[in-house]
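In order, the protein sequence lines correspond to chains A, L and P.
Heads up: the first sequence begins at 3 in my numbering, then just goes up one per residue.
Heads up: the second sequence begins at 2 in my numbering, then just goes up one per residue.
Heads up: the third sequence begins at 37 in my numbering, then just goes up one per residue.
Just to be clear, a hint being listed does not mean it is correct.
Stated by the list, open to error - Listed below are the simulated DSSO-like cross-link pairs for lysine-lysine, each with C-alpha atoms no more than 27 Å apart in a straight line:
no., chain 1, residue 1, chain 2, residue 2
1, L, K263, L, K507
2, L, K263, A, K470
3, L, K796, P, K63
4, L, K702, L, K593
5, L, K507, L, K702
6, A, K117, A, K30
To be verified - If you want the footprint, here are the derived chain P segments under chain L, 3+ residues with CB under 8 Å:
no., segment
7, 50-62
8, 127-137
To be verified - The following label-pair restraints were derived from C-beta to C-beta distances:
no., chain 1, residue 1, chain 2, residue 2, range
9, L, G329, A, A536, 24 to 32 Å
10, P, I105, L, L815, 28 to 36 Å
11, L, K593, A, H387, 57 to 65 Å
12, L, L15, A, A76, 26 to 34 Å
13, L, H210, A, K30, 26 to 34 Å
14, L, L815, P, Y44, 20 to 28 Å
15, A, H473, L, L15, 48 to 56 Å
16, A, L403, L, S4, 26 to 34 Å
17, P, E111, L, F818, 34 to 42 Å
18, L, G329, A, F222, 20 to 28 Å
19, L, S4, A, T490, 41 to 49 Å
Everything labelled a hint here was simulated from the structure, so no lab data went into it.
All C-beta atoms, glycine included, are put in the ideal place defined by N, C-alpha and C.
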Amino acid sequence: MDSILGLSLIIFTPTIGALLIALLVNSKAIEALRVGTVVITAITFVFTLMLWSNFDANETGIQPVVDGVNGVSAEWIGSWNIHYRLGYDGISLPLVVLTSFISMLAAMASWSINKLHKGYFILFLLLETGMLGVFLALDFFLFYVFWEVMLLPMYFLIGVWGGPRREYAAIKFFLYTLAGSVLMLIAMLMFYFGGGNEFNILRLTQIGQGNVPGLQFDEFTQITAFILLFIGFAIKVPCFPFHTWLPDAHVEAPTPISMILAGVLLKMGGYGILRIAFPICPVGAQYAAYTLVAIGVISIIYGGFAALAQTDFKRMVAYSSVSHMGYVILGMGVWKITAENGIMVTSGRDYWLMGMSGAMFQMIAHGVSSAGMFFMVGVIYDRVHHRDLNQFGGLFGLMPLYSGLAAGIFFAGLGLPGLCGFIGEVLVVLSTWNFSPVLAIVAASGVIITAGYILWTLQRVYLGAEYKGPHAEEITPMNAREATIAITLLVMAVVLGVYPNLMFDVMNGSMAEVVDGMDAGLRAAQQSGVAITAVPAP
Amino acid sequence: MESLGSELSNYLLLAWLLPLFGFCIEVLGGRWGRNRQDKRAAYLAIACIGASFLLSSFTFFRWGTENHWQVFAASDDSGHHSVALLAADGHEENHGEHKHEKDDSHGKHTDSGNHDAVHGGEHGDSSHDVAAHHGPGPSYSGTFYTLATFGALNLSIDYYIDSLTILMFCMVTLIATCIHIFAVGYMSDELTDEYVDHNAHTSDGHHVHRPGRFHRFFSFLSLFCFSMLGIVLAGNIFQVFVFWELVGISSFLLIGFYTERKSANVAANKAFIVNRVGDFGFIIGLMILWTYCGTFSFGDTEIGGQEQPGLFSMIRGADGEIVTSSDGDEVILKTSGHDGHWSAPENGQPNKTLPYFLLVIAGMGVFGGCIGKSAQFPLQTWLPDAMEGPTPVSALVHSATMVAAGVYLAARFYPVFTTEVLLTIAYVGCITAFVAATIAVVATDIKRVLAYSTMSQLGYMMLAIGLGGWAAGLFHLVTHAFFKSLMFLCSGSVIHGCHHEQEMPKMGGLRHKMPITAYTMLVGVIAISGLAIPGTSIAFSGFHSKDAIVATALAYTKLNPVHFLLFLTPLVTAGITAFYMFRLWFYTFTGKPRDQHVYDHCHESPAVMFAPLLVLSLFAAGCALGGENGPLYQMIGHSEPLGVAAGVEHSGVANIALPSHHAIHEVHSTAGVVALLAAALGTLTAFFLYCRPVVNPEMIKRQFSGVHGFLVEKWQFDNLYDAAFVRPAHIVGRWCAGFDKNILDGILHTAARTAVWIGTVDRKFDEKIVDGLVNVVGNVTRSVGMSLTVFQTGKMRQYVMFIAVSVVALFALLFAFMPKA
Amino acid sequence: MDAIGLNYVLAIGAVLFVCGVICMTTKRNGIGVLMGVELVLNGANLNFVAFARYSSMGLDGHVISLFVIVLAAAEAAVALAIALNFYNNHLTIDVDRGDELRG
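Hey, can you work out the whole structure from these sequences and the hints?
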C-alpha cells in the first residue's frame with residue numbers, strides 16, 4: 003500500500019467499482035447493486051486496514067517515506083507546479099479508516115433506498131472516492147479538487163433521494179459548502195503566490211513555520227489566510243454560526259447519507275484545520291485562538307439548547323452533532339502562550355497537545371456515535387415513516403434489541419465513560435482551563451445540557467407505556483442486517499471508549515509534531531519581527 | 002511491601018471485575034434462551050458478587066495478617082490520647098519493617114506492570130508532638146491500565162488501597178450479596194412471559210402487559226456493583242469521575258427499570274440530570290487540579306522511573322499542612338522530596354503554585370459532585386423520586402452504597418479540602434439533615450420515609466466530615482449502610498407481602514402477619530434512632546456512630562461558638578429521626594389494620610428474602626461493637642488523613658478551627674447523654690402519637706396544615722427548580738432553535754432572495770438592453786435586405802436590361818466626373 | 037485598305053454589341069437570347085481583333101478572340117442543354133416563365 007499506486011488504489015477502488023456497476027450491472031438487478039456496493043466498500047475498508055497495519059508509529063511526519071522524502075508524488079500539471087501528491091500520517095490515517103468503515107456500514111444501510119438504485123450506488127461510490135482523496139491528498143490543489151469532487155455526488159444524493167424538502171436542503175448544502183470552497187480557493191492562491199508558486203502542503207507548512215530560508219508568509223498573509231480557511235472549514239465542521247445547513251441537510255438526506263454526512267463529511271472541516279490552516283498559519287492560529295475556543299464553546303452550548311427544543315428526531319440528532327463538533331474546535335484552539343525570554347512561547351504544551359488529541363479523538367468518536375444515532379433514527383423511520391419525537395414511546399417493549407442498542411449508542415453520544423464520546427469530551431474540557439477558566443466552566447456546563455436532551459429523547463422515544471404514533475402495526479424487530487450495523491457501531495464505541503490508545507498510539511506522534519511545529523513557527527515569526535501579543539483570556 | 006500491595010490489588014481487581022464479567026455474560030447471554038422462568042441470570046450475578054465478597058474478605062484477612070492485626074489492638078484510652086493512638090504506635094514499629102522491605106525490593110518493582118508506591122505513616126521524625134503521630138496507616142497505590150498519555154500528563158486506571166478501601170469493599174460486597182439474594186425473591190414476579198404492571202396504564206386505561214425482565218434486573222445490578230467498586234478502588238480522582246458516571250447510569254437504568262411507568266422514567270432522568278449538575282462542579286474541580294497539579298493521582302506515582310507526588314502529597318506533604326506563600330494567596334505545591342516525604346521546594350527553587358482561592362473552588366467543585374451523588378441540599382430532590390425503582394435497588398443503590406459514594410469521596414478527598422470548603426460541607430450536611438428529617442415526618446409512602454431518612458443521615462456524615470470528624474463520618478457511613486439496607490429490605494418485604502402497597506396509612510398491625518420482617522425492622526429502627534441503655538455503651542451500631550458525630554459537633558462548637566447551629570441542628574435532627582422512624586414502625590407494624598383488604602392478603606416473605614434480613618440485622622446491631630474502641634472505628638481511623646487527629650488552629654478566610662481527637666474525646670460523654678436524650682424524646686413522642694395515641698396526629702396535621710403542606714411539598718424545591726431551571730432551559734432551547742430558524746436562516750434566505758432579485762434585474766437588463774441593441778442591428782439589416790428583393794425578379798431579360806442600363810449609367814457617370822486629362 | 041480605319045471596325049463592333057443586347061432583352065425565346073449572347077460575344081471579338089491589328093499588342097488580341105470563340109462554343113452547348121431541360125420542365129422555352137430565382 004505504501005506506493006503511489008497503492009494509495010491511488012485506495013482512493014479509486016470505489017470509482018472502479020462505480021464504473022463496473024455502471025457498465026456491468028443491470029439497473030433492475032437491485033440486489034446485485036446493493037451487494038456489489040457493499041463488497042466494493044468492504045474491499046476499500048480492507049485496503050485501508052492494510053494501510054493501518056503498515057503505519058509506522060515512530061515516524062511522526064507524513065508516510066510513506068521514500069528515499070527520505072515524505073509522501074509520494076507524480077507531476078500532474080507541470081506548468082503550474084501542481085502535483086498528484088499523496089501521503090498519510092497519524093492525523094489522516096484514522097480518518098481514512100473511519101471513512102471506509104462508515105462508508106461500508108452506510109452501504110449496508112442503503113437497503114432503504116427505493117428508487118433509481120443504480121444511480122444512487124454509483125454516486126455513493128464516487129462520494130467515497132472524494133472523501134478518501136481529501137484525507138490522502140497532500141497537494142493543496144489536489145485537496146481542493148477532491149473537496150469539490152465530493153460535493154457533487156452529495157448534492158445529488160440529497161437532492162434526488164432525500165425527503166420532501168430535498169431540493170431546498172441540497173441547494174443550501176451546496177451553496178454553503180461552495181462559499182467555503184471559494185474562501186479556501188482565495189487562501190490557496192495567497193499561498194501559491196506568496197510561497198514561490200507552491201501547492202505542496204508540506205512545503206507550505208515549512209514556509210509558514212519559517213523553515214525555508216528567505217521565504218516566509220508575512221503576518222497579514224497568515225492572519226487573512228487563516229481566517230479565510232477557518233471560515234471555509236468551519237462551515238464544514240459546522241460550528242456556530244455557520245451550521246444552519248446541517249439540520250436541513252440531515253433531515254432531508256436518506257439515512258445512509260446522513261450517516262456519511264455526520265460520520266465523515268463533518269470531519270473534513272476539522273481535518274482541514276489540522277492539516278492546512280493550523281500548520282501553515284501558526285501566527286493566524288494564535289491570533290484567532292480565543293475566537294476559536296469561544297466559537298467551540300458557543301457551539302457546544304447553543305447546539306445543546308437547540309437540540310433540546312427539537313421535535314424532529316433527526317433534527318435533534320443533527321443539532322447534537324453541532325454540539326459535539328464544538329468540542330473539536332474548542333480542543334484545537336486551546337493554545338496558550340506566555341512571554342519567556344522576551345518572546346511569546348507556548349505555555350502548557352502538554353495541555354494543548356491533550357486538547358488537540360482530544361479534538362481528534364472526538365472527531366473519530368463522533369464519527370462512530372453520530373453515524374450510529376442517525377442509523378437508529380433511520381431504522382425506526384423505515385418502519386413508521388415519521389420522526390416526530392412526541393409521537394413515539396414504548397419502543398422498548400416492541401423492539402427490545404433495537405432499543406438496547408440505541409440506548410448504548412445514545413449513551414456514547416452523551417459522553418458516558420466506557421464509550422467513545424467520553425474520552426474526547428473529557429480530554430478537551432480538561433485541557434481548556436489552562437487556556438481560559440471562564441470558557442472552561444461554560445464548556446463544562448455542556449454536560450448537563452447534553453444529558454438533558456439525550457435522556458429526554460430516550461424517554462420520549464423508547465420508554466413509556468405504549469407507542470403513540472401512526473403505523474404501529476409496522477413496528478417489527480430489527481432484522482439481521484440492521485442489527486449487524488448497530489452492533490458493529492456499538493462495539494466500536496465500546497472499544498474506543500475502553501481502549502483509546504488504539505487511536506492515540508497512531509496519532510500521538512503526528513499530533514505532537516503539529517503542536518511543536520506551530521510553536522516553532524510562532525517563534526520563527528517573532529524572530530522575523532512579527533509582534534505577538536497574548537489575548538487576555540479570562 | 003510492594004508484594005503485599007500488588008497482591009492486595011490483584012485480589013481487589015478480581016473482586017472488582019467479577020461483577021463486570023457477570024454483567025457482560027448477562028447482557029450477551031440475554032435471558033438464557035426463550036425461557037423467562039429461568040433464574041440462572043440471578044445465580045450468576047449472585048455468584049459473581051458473592052465471589053467478590055469472599056475475595057474482599059480474603060483481602061481483608063491478608064491485610065490484617067500482614068499488619069499483625071495491630072490495628073484492632075486498641076486499648077482504653079489512657080489519659081488524653083485518642084483511642085487510635087495505640088494502633089498508630091503499634092503501627093510505627095511495623096512501618097520500619099515496611100520501609101526496610103521497600104528498600105530491599107526497590108530495584109525489582111520499577112519495571113513491573115503495577116507500580117507500587119508506598120507512602121503514608123511518615124512520622125519517623127520525632128519532632129512532632131504526640132498527636133501528630135496519629136498518622137495514616139500504609140496505603141498502596143499503583144496503576145492497572147493507562148488510558149492516555151500526553152507528554153507528562155497521564156490518565157490511567159489506578160488503585161489506591163488502604164484500610165478504608167478494604168473496609169468499603171467488604172461492606173459493599175456483603176450488602177450487595179444480601180440484596181442480590183433478597184432480589185431473587187422480590188423480583189420473582191418478573192419470572193413470567195406476561196407481567197402485569199399495575200402502575201402503568203395505556204391510553205385506553207388498561208394495565209400494561211409485558212414479558213418479565215428478571216434477567217435484565219440482575220445484569221443492571223451487576224453493572225452497578227462493578228461501577229461502585231470502581232469508585233472505591235479508584236486511585237485517582239479522574240477514575241472516580243469515570244465510575245461516578247457509571248454508577249449514575251446504572252442508577253438511571255435501575256430507577257427506570259419499570260420503563261412503562263412515566264413516573265419511573267421521569268425519576269430516572271431527574272436522577273441522572275441532577276447528578277450531572279453536581280458533576281459539572283466535579284469537572285471544574287478536576288480541571289483546576291489537572292491544570293495546576295498535572296496529576297489526578299491520590300497517591301504518589303512513578304512516571305518513567307521517577308517518583309511523582311500525588312495530589313495528597315502535593316497539597317499536604319509529609320506534615321499534613323498546606324503551605325502558602327507569604328501573602329497567603331498562593332498554595333505552594335510540595336513537589337520536592339522522595340520516598341513519600343514531600344515538602345515545598347526551598348526558597349528560590351522553582352516551584353509549582355496553585356492560587357488559594359482556586360484550591361477552594363476545586364474543593365467546592367468536587368464537593369459539588371458529592372452533593373449530587375449523595376443527594377445533599379440543594380441537589381437533594383432526585384433521591385425521593387428515585388424510589389420508583391424496585392426496592393432492592395433502593396436498598397443497594399439509593400441508600401447503602403451509591404449515595405454514600407459522595408460521602409466516601411468527600412472523605413477520600415479530605416486532604417484537598419481547605420477549611421472554607423469544610424465549613425461549606427458542614428453546613429450543607431447540616432441543612433440536608435434537618436430539611437430531609439422534617440419532610441420524613443409527614444411522608445406516608447414507606448419507601449419515601451426511608452429515602453428522606455437516608456438523605457438526612459447522609460447529611461450527618463457530611464456534617465461530620467466538614468467538622469473534622471473524619472472517622473466519625475465514615476463510621477456512620479458503614480453503620481448506616483447496614484441498618485438502612487436492612488430497613489429498605491424490610492420495607493421491600495412489606496411491599497412484597499402487601500402486593501406492592503407502599504402507603505403506610507393502608508397498613509398497620511402487620512407484625513402479626515410478618516414477624517421476622519417486623520422485628521428485624523425494629524433492629525434497624527433502634528439502630529438509626531441511636532437508642533442505648535443509659536449508662537452503658539450497650540447499643541446498636543447507630544448509637545455509636547451518631548454519638549461520635551454529635552461529640553465532634555459539640556467540640557467544634559466549643560472552638561467556633563459562632564457556628565453553634567452545627568451542633569444544635571444535628572441534635573434536634575437526632576430527635577426528629579427517632580420520631581419519624583418509630584412513627585414508621587408503629588404505623589406499619591402495630592395497632593389495628595387500617596385496610597382490611599391489604600391486611601388479609603398480606604403474608605410473610607419466603608426464606609430467600611428474610612435470610613438476608615437476618616444477616617443484615619446482625620450487622621446493623623453489632624457492626625459497631627465497642628464503639629470508638631471497637632474494630633470498625635479503629636480500622637477506619639487507620640486510614641485517617643494526616644493532621645486530622647491534631648485538629649487545626651483558627652485559619653483561613655472563614656477563621657475556622659477544627660477540633661483535635663483529644664478535644665472531641667473530652668466532650669464525648671456529654672455529647673452521648675444529650676444525643677440519647679434527644680433520641681429518647683423523639684421515640685416517646687412517636688410512641689404517644691402512633692402506638693398509644695394520647696393526641697390524634699390528624700389533629701396536629703390540621704392545626705399546622707400550612708406547615709404540613711409545605712413539608713409535603715418537600716419545601717417546594719421541586720417546584721422551585723422546575724420554575725428556575727427546567728423551564729428556562731426549555732425556553733432557552735426554543736430561543737436557540739428559533740434563532741436558527743428565524744435569524745440565521747433568515748439572514749441566509751434574505752441573502753438568497755437578494756441574489757435571486759439581482760438575477761432578475763440582470764435578466765431584464767440582458768433582455769431589454771443588451772439583446773435589444775443586437776436585435777436592432779439585425780432587424781435593420783434584415784429589412785434592408787427584404788426591400789432589395791424587389792429587384793430580384795428572376796426575369797432574365799430584366800437582369801440584362803439592368804446590366805445594360807447600369808453600364809450606360811456608369812459610363813455616363815464616368816464621363817461626367819472623370820477629371821479631364 | 038487605309039480607308040477602312042480602326043474607328044469603322046469599332047463602330048461595327050459596337051453595332052453588333054448593341055444588336056446583341058437588344059436581342060437579349062427583347063427576345064422571349066431562349067434560343068433568341070442565346071443568339072443575342074453570340075452577337076455580344078462576336079462584337080467583343082471584333083474589338084479584340086481590331087485592336088490587335090491597329091495597335092502594337094501583337095498576337096494577344098487574336099489569341100483571346102480564339103479563346104472567346106472556344107468558350108462561346110462550350111457555352112452554347114451548355115446553354116442549349118439548359119434550354120432542352122427548361123423545355124422538358126416547362127414545355128416551352130420562354131425565359132419569362134422561368135422566374136424561380138426571384139427573391
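Now the hints, each set against the structure:
A hinted pair counts as satisfied when its Cα atoms are at most 27 Å apart, and L/K263 with L/K507 qualifies at roughly 24 Å. Pair hint L/K263 plus A/K470 holds up; C-alpha atoms about 14 Å apart against a cutoff of 27 Å. With a C-alpha separation of about 12 Å, the suggested pairing of L/K796 with P/K63 holds against the 27 Å cut-off. A C-alpha spacing of about 21 Å is found between L/K702 and L/K593, which places the hinted pair at or below 27 Å, so the restraint holds.
This hinted pair checks out: L/K507 and L/K702 have alpha carbons roughly 18 Å apart, not beyond 27 Å. As the CA atoms of A/K117 and A/K30 are separated by approximately 10 Å, the hinted pair is consistent with the 27 Å bound. Using a Cβ-Cβ cut-off of 8 Å, 4 residues of the segment 50-62 of chain P lie near chain L, which meets the minimum of three, so the contact claim holds. A count of 6 residues in the segment 127-137 of chain P with a Cβ less than 8 Å from any Cβ of chain L is obtained; the coverage claim is therefore met, three being the minimum.
Between L/G329 and A/A536 the beta carbon distance is about 27 Å. The supplied range of 24 to 32 Å therefore holds. Here the CB-CB span from P/I105 to L/L815 is close to 30 Å, well matched to the stated 28 to 36 Å. Between L/K593 and A/H387, the C-beta spacing of about 59 Å keeps the proposed range 57 to 65 Å intact. Taking the beta carbon of each, L/L15 and A/A76 are about 57 Å apart, not inside 26 to 34 Å as hinted.
A hinted range of 26 to 34 Å for the beta carbons of L/H210 and A/K30 is inconsistent with their spacing of about 46 Å. With their beta carbons about 24 Å apart, L/L815 and P/Y44 fall inside the hinted range of 20 to 28 Å. Here the CB-CB span from A/H473 to L/L15 is close to 50 Å, well matched to the stated 48 to 56 Å. Checking the proposed 26 to 34 Å range against A/L403 and L/S4 shows it is violated: the Cβ atoms sit about 47 Å from each other.
Distance hint check for P/E111 and L/F818: the Cβ-Cβ separation is about 35 Å, which falls inside the suggested range of 34 to 42 Å. Separated by about 47 Å at the C-beta atoms, L/G329 and A/F222 break the suggested range of 20 to 28 Å. Hint check: L/S4 to A/T490, Cβ distance near 43 Å, so the stated range 41 to 49 Å holds.
Of the numbered hints given earlier, the model fails hints 12, 13, 16 and 18; all others are met.
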